[in-house]
Amino acid sequence: QSAPTQPPSASGTPGQRVTISCSGSDSNIGRNFVYWYQQFPGTAPKVLIYSNNLRPSGVPDRFSGSKSGTSASLAITGLRSDDEADYYCASWDDSVRGWVFGGGTKLTVL
Amino acid sequence: QVQLVESGGGMVAPGKSLTLSCEGTGFNFSSHGMHWVRQAPGKGLEWVAVMSADGSGQYYGESVKGRFTISRDNSKNTLSLQMTDLRPEDTALYYCARDRYHGSGSYFDYWGQGTFVTVAS
Numbered sequence: 878q879s880a881p882t883q884p885p886s887a888s889g890t891p892g893q894r895v896t897i898s899c900s901g902s903d904s905n906i907g908r909n910f911v912y913w914y915q916q917f918p919g920t921a922p923k924v925l926i927y928s929n930n931l932r933p934s935g936v937p938d939r940f941s942g943s944k945s946g947t948s949a950s951l952a953i954t955g956l957r958s959d960d961e962a963d964y965y966c967a968s969w970d971d972s973v974r975g976w977v978f979g980g981g982t983k984l985t986v987l
Numbered sequence: 017q018v019q020l021v022e023s024g025g026g027m028v029a030p031g032k033s034l035t036l037s038c039e040g041t042g043f044n045f046s047s048h049g050m051h052w053v054r055q056a057p058g059k060g061l062e063w064v065a066v067m068s069a070d071g072s073g074q075y076y077g078e079s080v081k082g083r084f085t086i087s088r089d090n091s092k093n094t095l096s097l098q099m100t101d102l103r104p105e106d107t108a109l110y111y112c113a114r115d116r117y118h119g120s121g122s123y124f125d126y127w128g129q130g131t132f133v134t135v136a137s
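Here the protein sequences come in this chain order: L and U.
Just so you know, we're using this note's numbering here: the first sequence kicks off at 878 and counts up by one.
Just so you know, we're using this note's numbering here: the second sequence kicks off at 17 and counts up by one.
Isolated chain L (complex conformation):
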């Protein structure tokens, strides 16, 4: 089992498109759905994307998810200053029979 790997940081300017990658293994992302969570400092995480590419109601369509093989990506278009947060990918892992989170990516809006 290999917990998903994310870049520790990402950045962009307002209006830009940024992507955050999440690289896992066959036992997690390769065989299961990917989920993305957004977390602002001092607050609980919030789900942004479920089942690889679906958005819960209330999540703007500026956020989108994709998955290919053992990797996934979160894309944010029309970047805004209030998108500055930590972003985590997550997936069920069949080998350890548990959820695994990526290490998180801190997004900075310049």
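Please keep in mind that the hints were generated in silico from the structure rather than gathered at the bench.
For glycine and all other residues, C-beta sits at the position ideal for the given N, C-alpha and C.
There could be a bad hint or two in this list.
To be verified - One side only, chain L facing chain U, incomplete, derived with CB under 7 angstroms:
1) 922
2) 965
3) 972
4) 974
5) 976
6) 980
What the hints assert, rightly or not - Heads up, simulated EDC-like pairs for lysine to aspartate or glutamate below, C-alpha to C-alpha not over 20 angstroms straight-line:
7) L:923 x U:62
8) L:983 x U:62
9) L:923 x U:125
Stated by the list, open to error - Non-contacting residues of chain U with respect to chain L, defined by C-beta distances greater than 12 angstroms in every case (computed):
10) 23
11) 42
12) 59
13) 90
14) 98
15) 122
Put chain U on the given structure of chain L with help from the hints.
For chain U alone, kept in the frame of chain L given last:
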């Protein structure tokens, strides 16, 4: 509205035990699996445990297996986490989160605000 409120955190010495609780309101508690997820200071999220809606099944993260026990009382809308043999690396904010099943998978759709556990001598 859905609310999850954790309690029971505090400071405890290494090797000791502590039990956390989470009360769920505003939804049918007995219809949802429930999770514990923790976050060490300045670190990322780590899934701890899950219990099925009816309490018949549970899974644990590798780092807590054999030391932590998840349980629930659906008559009281309460989820618990009994933590034994605590270690300094268990120091974290512990969140309770609701499981939302969507047909072929599930995710954490509501989270509490967390209760902090410090393990130190």
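Status of the hints after comparison with the structure:
no.: 1; hint: 922; in the structure: holds, 6 angstroms
no.: 2; hint: 965; in the structure: holds, 5 angstroms
no.: 3; hint: 972; in the structure: violated, 10 angstroms
no.: 4; hint: 974; in the structure: holds, 5 angstroms
no.: 5; hint: 976; in the structure: holds, 4 angstroms
no.: 6; hint: 980; in the structure: holds, 5 angstroms
no.: 7; hint: L:923 x U:62; in the structure: holds, 15 angstroms
no.: 8; hint: L:983 x U:62; in the structure: holds, 16 angstroms
no.: 9; hint: L:923 x U:125; in the structure: holds, 7 angstroms
no.: 10; hint: 23; in the structure: holds, 15 angstroms
no.: 11; hint: 42; in the structure: holds, 16 angstroms
no.: 12; hint: 59; in the structure: violated, 8 angstroms
no.: 13; hint: 90; in the structure: holds, 22 angstroms
no.: 14; hint: 98; in the structure: holds, 18 angstroms
no.: 15; hint: 122; in the structure: violated, 8 angstroms
Taken one by one, the earlier hints fail for this structure at numbers 3, 12, 15, listed in ascending order.
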